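Okay, here's what each chain looks like letter by letter:
2 protein chains.
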Amino acid sequence: MPPTTLTGRLFQIRPMGKRLAFAVLRCLDQEYLCVFPGRPDIAEESIVRITGMLRPAEKSRKFAEEIHVDDVQVLAENTSTTTMARLRQLPYSRDILSDQHVYMRLPEVRERLLKKWTAIKAVRDLMEDERYVEVQSPRIVGSMADGPTMKFKVDFFGREAYLSLSNLLFHTAFVAGDFSSVFEISPLFRADINHSSQHLSEFLILEVTAAHRGRDDMIALSDRIVRRVCAHTDAPLPDEHLADIPVVTYEDVVAITTKSEDHAPLQRGDRIKPYHARTVARHLNRPLFWVVDMPAHHKAFFSSTRYDPLVGTEVANDFRLYWDEVGIIDGGERVTSPQRLLERMAEQRLDPVRFDYYVKVVKSGLPPFTGLGLGIDRLMAKCMSLANIRQVVPFPRFIDHLEP
Amino acid sequence: MPPTTLTGRLFQIRPMGKRLAFAVLRCLDQEYLCVFPGRPDIAEESIVRITGMLRPAEKSRKFAEEIHVDDVQVLAENTSTTTMARLRQLPYSRDILSDQHVYMRLPEVRERLLKKWTAIKAVRDLMEDERYVEVQSPRIVGSMADGPTMKFKVDFFGREAYLSLSNLLFHTAFVAGDFSSVFEISPLFRADINHSSQHLSEFLILEVTAAHRGRDDMIALSDRIVRRVCAHTDAPLPDEHLADIPVVTYEDVVAITTKSEDHAPLQRGDRIKPYHARTVARHLNRPLFWVVDMPAHHKAFFSSTRYDPLVGTEVANDFRLYWDEVGIIDGGERVTSPQRLLERMAEQRLDPVRFDYYVKVVKSGLPPFTGLGLGIDRLMAKCMSLANIRQVVPFPRFIDHLEP
Chain A
0 MPPTTLTGRL FQIRPMGKRL AFAVLRCLDQ EYLCVFPGRP DIAEESIVRI
50 TGMLRPAEKS RKFAEEIHVD DVQVLAENTS TTTMARLRQL PYSRDILSDQ
100 HVYMRLPEVR ERLLKKWTAI KAVRDLMEDE RYVEVQSPRI VGSMADGPTM
150 KFKVDFFGRE AYLSLSNLLF HTAFVAGDFS SVFEISPLFR ADINHSSQHL
200 SEFLILEVTA AHRGRDDMIA LSDRIVRRVC AHTDAPLPDE HLADIPVVTY
250 EDVVAITTKS EDHAPLQRGD RIKPYHARTV ARHLNRPLFW VVDMPAHHKA
300 FFSSTRYDPL VGTEVANDFR LYWDEVGIID GGERVTSPQR LLERMAEQRL
350 DPVRFDYYVK VVKSGLPPFT GLGLGIDRLM AKCMSLANIR QVVPFPRFID
400 HLEP
Chain E
0 MPPTTLTGRL FQIRPMGKRL AFAVLRCLDQ EYLCVFPGRP DIAEESIVRI
50 TGMLRPAEKS RKFAEEIHVD DVQVLAENTS TTTMARLRQL PYSRDILSDQ
100 HVYMRLPEVR ERLLKKWTAI KAVRDLMEDE RYVEVQSPRI VGSMADGPTM
150 KFKVDFFGRE AYLSLSNLLF HTAFVAGDFS SVFEISPLFR ADINHSSQHL
200 SEFLILEVTA AHRGRDDMIA LSDRIVRRVC AHTDAPLPDE HLADIPVVTY
250 EDVVAITTKS EDHAPLQRGD RIKPYHARTV ARHLNRPLFW VVDMPAHHKA
300 FFSSTRYDPL VGTEVANDFR LYWDEVGIID GGERVTSPQR LLERMAEQRL
350 DPVRFDYYVK VVKSGLPPFT GLGLGIDRLM AKCMSLANIR QVVPFPRFID
400 HLEP
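Protein chains in written order, with numbering that gives the first Met the number 0: chain A, 0 to 403; chain E, 0 to 403.
Honestly, the hints are just simulated from the structure, not real lab data.
Quantities reported herein were computed from a predicted structural model and do not represent experimental measurements.
Treat the hints with care, since some could be wrong.
If chains are identical, the list can't say which one is meant, so a pair holds when it fits in one copy or spans any two.
Claimed, not checked - The calculated lysine-lysine pairs, modelled on BS3-like cross-linking and capped at a C-alpha distance of 30 Å, are:
id, residue 1, residue 2
1, Lys-120, Lys-258
2, Lys-120, Lys-61
3, Lys-114, Lys-359
4, Lys-114, Lys-298
5, Lys-362, Lys-258
6, Lys-272, Lys-362
Let's have the full structure, built from the sequences with the hints guiding it.
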């Protein structure tokens with residue numbers, strides 16, 4: 000048999016006495032056990048070209064094949080002192096971010112990122128099966144940057160512009176343009192000062208907008224999306240927790256947290272805090288649950304609302320998915336009446352002139368429609384039981400962190 | 000049979016005498032012919048709910064079913080004077096951009112956008128079949144914003160940052176992290192003052208980076224991608240023009256344009272101008288062709304080059320796909336030697352300190368690798384024979400155009 004030549008990254012060099020050393024060669028599709036006649040004088044994690052005899056790795060359970068090295072040539076030396084072995088010993092911290100290119104070589108980090116990336120592809124396939132098309136909205140926006148959220152400013156040829164906070168105003172224009180079922184997976188940007196482990200300044204979101212569909216349809220679609228992502232990431236949830244995700248109202252959350260003695264109860268009208276959500280999850284004995292019918296004043300101007308005679312206030316036709324204390328999905332039916340839209344803007348003290356294109360879109364005739372946003376990084380972190388969403392983003396952006 | 004209720008957009012209302020009117024109702028999945036007992040007093044392109052008897056549309060070739068209207072209710076009136084019918088009469092211009100939500104209702108515009116969006120999904124499917132994974136690089140970048148191209152500035156918590164010009168430096172980090180075959184479809188941003196019909200300030204690009212693969216592999220992959228996009232957009236090209244795309248060298252372009260009397264020839268060392276590319280296309284009698292071996296000084300610092308004894312100068316190991324005069328793909332083998340990288344930076348008078356993370360990545364050991372970028376909007380416009388790439392972007396961004 001002629002000798003074989005393999006090119007890849009050499010690591011885990013382990014001398015076995017003076018006349019033998021083992022190492023691992025990571026090639027394009029496979030890892031090989033390398034058997035050296037003595038310890039090779041090569042920096043770990045260099046790129047090498049090895050020539051030798053390839054054989055089935057009979058003594059190993061980890062490798063299918065081993066190569067008995069006749070010749071080795073260093074193509075690209077690792078001249079850094081940072082190696083996989085060194086990074087593996089460190090706890091996850093932001094220091095690792097300056098060595099992501101090495102950190103990603105670790106099998107567990109590689110698996111985590113591959114799960115995320117293949118799950119995103121699986122969501123795109125699901126949305127295609129559901130007959131949605133993926134659209135693209137601009138990242139640089141002017142007056143369509145809605146509401147009070149903190150924005151990143153962009154200098155657009157001397158004019159003040161912003162990085163997109165949401166694509167949903169554009170999705171409304173697509174619906175007005177008779178694209179009835181659209182979605183978009185894209186980065187959004189928020190400039191708020193937030194040091195939490197669940198926030199990024201730039202984050203990936205799935206937004207879905209559908210005409211002629213209401214809240215129940217979109218909750219059902221969301222459940223299918225979440226199930227698909229959980230399946231692709233081996234999320235540690237029993238099937239029954241995904242098959243039938245419970246729905247509670249905001250009023251139920253008030254009642255549950257009032258009965259519970261864990262924390263201060265939710266005061267009617269206030270926002271649900273993480274500890275309220277945890278109390279509800281514990282009460283339901285379910286990590287995933289929907290909350291619907293939030294107070295109208297919690298929701299943006301484009302959200303459709305109704306008077307609830309039982310509560311005696313205006314509530315939204317909305318839906319929010321919690322996974323324990325973390326909000327994963329936010330959605331709701333949208334306003335299609337221009338008059339109601341202007342009322343909602345007035346209630347929120349927004350100047351309709353700032354949203355003149357959106358008002359124009361609504362005045363052109365909109366079918367009933369519903370939209371939602373799903374925080375992909377948050378969902379992935381939950382599926383993989385990671386404490387910090389930065390762990391699923393190789394080059395995260397957050398306050399005071401821009402490099403590399 | 001009980002009456003049917005349908006909800007959708009009503010248009011093309013055509014009275015046929017006093018006792019009959021026809022119209023079209025566009026619903027979620029289908030268009031219906033509506034038969035009214037007299038002209039309905041409804042603004043065209045309003046959203047209506049119609050109740051009536053549904054029958055096979057026996058007299059029509061365009062519609063499968065017709066509804067004989069008993070009752071009609073306006074759910075959302077179109078109060079705008081802009082209608083499909085009106086926009087159809089206008090030539091394409093930037094004035095249309097303020098009415099995109101109506102313009103998209105036109106069947107030909109709808110078809111154009113659907114072709115683009117489904118072609119992008121088809122490219123993602125192809126890349127998955129080719130065993131590439133889609134990664135995400137950040138849009139907000141600091142020192143990784145390379146080279147002399149004009150950048151959009153972002154205020155990142157008081158620090159000057161930029162919108163991404165290219166993901167390829169991040170892709171090199173993924174390759175260093177042993178992700179051998181990655182791609183990304185994402186918006187990039189260029190702030191150069193350019194009024195051409197082929198430029199946008201924000202544009203969609205496919206970037207592909209592959210370890211252990213060289214120029215020939217990536218040209219072959221590119222050919223497969225272009226064929227896939229052409230098939231999904233019904234591009235008016237004979238199969239043989241796609242099956243075997245010719246490859247010429249930069250020196251060939253010098254020779255061809257020197258022999259031709261159409262225009263001033265390409266002077267060795269200068270950049271290929273659109274009229275040079277058109278001359279080559281005419282000479283080859285092929286709209287699509289590759290140019291390889293560009294002068295080294297045309298290419299960015301990370302491009303691998305070699306001395307060509309025939310020409311007597313340094314040339315790049317690169318590849319560029321032209322479709323007539325438009326550059327669609329740019330790619331090349333990359334530098335993996337830290338020493339060569341620093342030489343290339345010195346030649347281009349770039350400060351290595353500005354690229355310290357990139358230098359660190361290269362010093363950590365890189366396999367041979369090749370990258371490319373494909374301008375999706377440009378390719379789509381060519382496939383659909385559109386003069387302006389803005390025609391495939393619903394909300395384009397270009398100099399002095401930010402709204403909506």
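For each hint, the structure was consulted:
1. Lys-120 <-> Lys-258: neither (43 Å within a copy, 50 Å between copies)
2. Lys-120 <-> Lys-61: within (29 Å within a copy, 36 Å between copies)
3. Lys-114 <-> Lys-359: between (42 Å within a copy, 27 Å between copies)
4. Lys-114 <-> Lys-298: neither (33 Å within a copy, 35 Å between copies)
5. Lys-362 <-> Lys-258: neither (46 Å within a copy, 60 Å between copies)
6. Lys-272 <-> Lys-362: neither (37 Å within a copy, 47 Å between copies)
Checked against the numbered hints above, the structure breaks hints 1, 4, 5, 6 and satisfies the rest.
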